[in-house]
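Which chain is which? The protein sequence lines are E and L, in order. Heads up, our numbering is the position in the first sequence plus 7, with the first residue counted as 1. Heads up, our numbering is the position in the second sequence plus 745, with the first residue counted as 1.
Simulated from the structure, these hints should not be mistaken for lab results. Every residue gets a Cβ at the ideal spot worked out from N, C-alpha and C, and that includes glycine. Wrong hints could be hidden among the right ones.
[As the list claims (entries may be wrong)] To list a few chain E residues with every Cβ distance to chain L over 12 Å, as calculated:
1) Ser132
2) Val272
3) Leu288
[What the hints assert, rightly or not] If the Cβ cut is set under 7 Å, some of the chain E residues that face chain L in the computed set are:
4) Gln17
5) Leu23
6) Leu25
7) Pro139
8) Pro154
9) Asn155
10) Asn236
Residue-level listing of the chains:
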Amino acid sequence: MTDIFGIPIQALLGQLLLGLVNGSFYAVLSLGLAVIFGLLNVINFAHGALYMVGAFAAWMGLTYFGINYWVMLVVAPMVVGLIGIVIEKTMLRWLYRLDHVYGLLLTFGLTLLLEGLFRSFFGVSGKSYPVPDLMRGATNLGFMVLPNYRAWVVVASLVVCLATWFVIERTKLGAYLRAGTENPRLVEAFGINVPLMVTLTYGFGVALAGFAGVLAAPILQVSPLMGTNLIITVFAVVVIGGMGSILGAILTGLGLGVVEGLTKVFYPEASSTVVFVLMVLVLLTRPAGLFGKTK
Amino acid sequence: MKTRILAAIAATGLALGAPAQAQAPKISNDTIKIGFITDGSSVYADIDGPAGAEAIRMAIADAGGQINGKKIELLYADHQNKPDVASARAREWFDQQGVDMLIGGTNSAAALAMAKIATEKKKPYIVIGAGSSRLTNEDCSPYIVHYAYDTVALARGTGSAVVAQGGKSWYFLTADYAFGHSLEADTSTVVKANGGQVLGAIRAPLASSDFSSFLLQAQSSKAQVLGLANAGGDFINSVKAANEFGLTKTMKLAGLLVFINDIHTLGLQATQGLYLTDGWYWDQNADSRAWAAKFEQKVKRKPSSLQAADYSAASLFLNAVKATGTDDGDEVMKWFKSNKVNDMFAKGGTIRADGRMVYDMYLFQVKTPAESKAPWDYYKVAQTLPGDKVYTTPAESKCSLMKKS
Chain E
8 MTDIFGIPIQ
18 ALLGQLLLGL
28 VNGSFYAVLS
38 LGLAVIFGLL
48 NVINFAHGAL
58 YMVGAFAAWM
68 GLTYFGINYW
78 VMLVVAPMVV
88 GLIGIVIEKT
98 MLRWLYRLDH
108 VYGLLLTFGL
118 TLLLEGLFRS
128 FFGVSGKSYP
138 VPDLMRGATN
148 LGFMVLPNYR
158 AWVVVASLVV
168 CLATWFVIER
178 TKLGAYLRAG
188 TENPRLVEAF
198 GINVPLMVTL
208 TYGFGVALAG
218 FAGVLAAPIL
228 QVSPLMGTNL
238 IITVFAVVVI
248 GGMGSILGAI
258 LTGLGLGVVE
268 GLTKVFYPEA
278 SSTVVFVLMV
288 LVLLTRPAGL
298 FGKTK
Chain L
746 MKTRILAAIA
756 ATGLALGAPA
766 QAQAPKISND
776 TIKIGFITDG
786 SSVYADIDGP
796 AGAEAIRMAI
806 ADAGGQINGK
816 KIELLYADHQ
826 NKPDVASARA
836 REWFDQQGVD
846 MLIGGTNSAA
856 ALAMAKIATE
866 KKKPYIVIGA
876 GSSRLTNEDC
886 SPYIVHYAYD
896 TVALARGTGS
906 AVVAQGGKSW
916 YFLTADYAFG
926 HSLEADTSTV
936 VKANGGQVLG
946 AIRAPLASSD
956 FSSFLLQAQS
966 SKAQVLGLAN
976 AGGDFINSVK
986 AANEFGLTKT
996 MKLAGLLVFI
1006 NDIHTLGLQA
1016 TQGLYLTDGW
1026 YWDQNADSRA
1036 WAAKFEQKVK
1046 RKPSSLQAAD
1056 YSAASLFLNA
1066 VKATGTDDGD
1076 EVMKWFKSNK
1086 VNDMFAKGGT
1096 IRADGRMVYD
1106 MYLFQVKTPA
1116 ESKAPWDYYK
1126 VAQTLPGDKV
1136 YTTPAESKCS
1146 LMKKS
C-alpha cells in the first residue's frame, strides 16, 4: 500500500471524506452568514444560537409531536426563519444606519438569551436525536465504511448551497437583492419593496442555520451549547472566504473542512486551531479574504 | 519615628484583638454558613450544579434548619469553570460573608484555586465534583477533604476491570488538557501493571465538534479497548460517533469518567455494556433509593453520585458542628478525621490525614435496554472496589501530611 508521510493512502482518503462532511456544515452556516452580511451588512452573531434552535426544533417535533426527520428538515428552517423575521422586524432594522458594532452586540445579546433559555429548560448535557430509519447503516466504500447519513449530509448541503448561489447570482430576484443593497433608493423608485426584501433575506439566512441544525441533530448531541462550539470557526471561515462572498463562503467552508480533517491525522492537537492560523495568514496576505473584493 | 508609631498601633491592635479571639463565640456570627461553588451553567452543570445546591438544602432541612438555636444558611455561586472567579468568590465569602465551610463542585482547576484560599483562611473545604488526585497528593492541605472520587480511583476501577475481562490492548481518546492527560496516564499505568499494553493515544482538543476522524484512527490501531479519557459533552459525542461508525462492533469502549446523566442522555442503546467506576448509584440499597426518591420529588430526575455526595458532605459538616458545638475550622477538621462517614452515600468511610475520604467504590456495567425495567434503571454492579485498594495507598501518597503519620 502506498504511504504518504507514513499514513496509508486509504486512511487518508477516508479522512478527506470526513473532512468534507464537516466542511458541509461550515459551508451551509457560513453561506447564511455571508448572505446576511452581503445584503444587510449585519454581522449575525446569533447564527450559532439559531443553528441550535433548528436542532432543538427537530428534536421537539419528534419528541412532542411525533413529526419525523424529513418533515422537520423543511419545517424547522421555516420556524427558525420566522424567528429571524421577527428579530429583523422588531429589533435589527433600527440598527442599519448605525455602526456594525451595534448589530453585532444585539445579535450577541440574543445569543446569550436563547442559549440561557434552552439551558434552563433542557439542561446542558442535551438530548439525543436518532438517525432517520432510511439513513441507518453504512456503506463500504473500499477504503472506509461511511455511515449513510454522513453521505446524505454532504449531498443535502451541496444542493442547498448551489441553489442559494444560483438564486442570488443568476436570477432576477437575486439581481433585485443585490441592487437593493447597492442603492436602496433607486431600487425602491422602480417599485420594489426593499424593506420587505431585506426582512426576507435575513429570514432566509437564518433559515439556513436552522437547516444546518437539523442536519447536525442526528450526528451531534442536541445541546444548548452546540452553536457556541461551532460559530467561532464558522466566522473564521467567512473571514477567510471574504465577507459577503457567496461562492467564497461555500468553497472555503468545504475546503477548510478538508484541511481540518487532514490536521486531525497529522497533528490532532492543532485541529481546533488550524482554521485560525489560516485566517491569520489570509488576513496578512489578502485582507479582503480569498474571494472578497475590496470596496 | 514613623515605624515606631506604626509598631505601637499594631501592638495596641494586637492587645485589643487577642482577648476577643480567646473567647471567640462558639458559632461565629451566630449563623452556620455553608458555601457551595460549582459549575452552575456550563458543561458540568447537569451532574452537579443547581441540583447539587438543592441536595445541600435537603441536608440543611434534615438537620432541622438550625443547631442549638443558630440558623444554618447556604450560599450558592456559579464559577463558570473559571478558576479566578471561583477563588475570588471563595475569598469574598470567607472574608465578608463569614462562610464557615466550603463545598466545591466540578472542575479541578477551580477546585485547586479554592483549596489555596480555604487553607489560607483555615476553613474546611470539601471537594466533591473535581477529580484531580493532586488535591490529596502534591497539593494536599489539613483543611481539604476530597470526598466523592478521584482520577486514581477511576483508573484503577475501570482500567483493571477491563483488562481482567480480556481487554489487553488499549488505545486512548484523550481530552487535550490537564484532566485528560492525568486520566490517560493513570489508566495506562494500571493497564500495564495488569499485563495489558497501550498501543497509542490521540489527543483531541476540548469540545471538538466531530470525533469521527479520531475514532477511525483509533480503529485502525486494532486495539481491543478504546479508553475514553474525556468527560461530559466530549464523552457523549465520541460515544455517538463510535456507534455510528460501527466502532463498537470491533472495539470495547471504556468510559473513564462517566456520570449517570451522560448515560441518560445517550440512552442505553448506545451505551449498553459500558464499564464505569463510580462511588454511588441511586439504586444501590434501600437508603440510597429512599433519598433518591426525595431528591426526585424536588428536582424531577434521579441524583448523580455528586449530588448525593453534596448532601452527604453537608450533613457530615452539620454533624460535626452539632457534636463539637462550634463551627471553628480546626475543631471541625479534627472531628472529620476521627469519625466515620455512615449515611446513604458511604458506609464506614474514613477521612485520612491527606484529606482523602476512603470508602468502597463500584465498578458498574450499563444494562442492555432489555434488562432495564424503568427510567433511570441503568447500572448493575460488576464488582465492589474496596476503598483501601482503589484509592492512592498511604505508601504511594505524595502528601507531606501523610508521610508524617
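Hint-by-hint comparison with the structure:
With a least CB separation of 5 Å from chain L, Ser132 of chain E falls inside the 12 Å interface cut-off, contrary to its annotation. Look at Val272 of chain E: its CB is around 7 Å from the nearest CB on chain L, not clear of 12 Å, so calling it non-interface is violated. With a least beta-carbon separation of about 20 Å from chain L, Leu288 of chain E lies farther than 12 Å from that chain, consistent with its non-interface assignment. Violation of the interface hint for Gln17 of chain E is found here, the shortest Cβ-Cβ separation to chain L being roughly 9 Å, above the 7 Å cut-off.
Hint status for Leu23 of chain E relative to chain L: violated, with the closest Cβ pair at about 10 Å, above 7 Å. Because the smallest distance between the Cβ of Leu25 of chain E and any Cβ of chain L comes to about 5 Å, under 7 Å, the interface hint for this residue holds. Residue-level restraint check for Pro139 of chain E is violated (minimum Cβ-Cβ distance to chain L is 13 Å; threshold 7 Å). For Pro154 of chain E, the interface hint holds, the least distance from its beta-carbon to any beta-carbon of chain L being 5 Å, beneath 7 Å.
For Asn155 of chain E, the suggested interface contact is broken, since its CB lies about 10 Å from the closest CB of chain L, more than 7 Å. Because the beta carbon of Asn236 of chain E sits about 5 Å from the nearest beta carbon in chain L, less than 7 Å, this interface hint is met.
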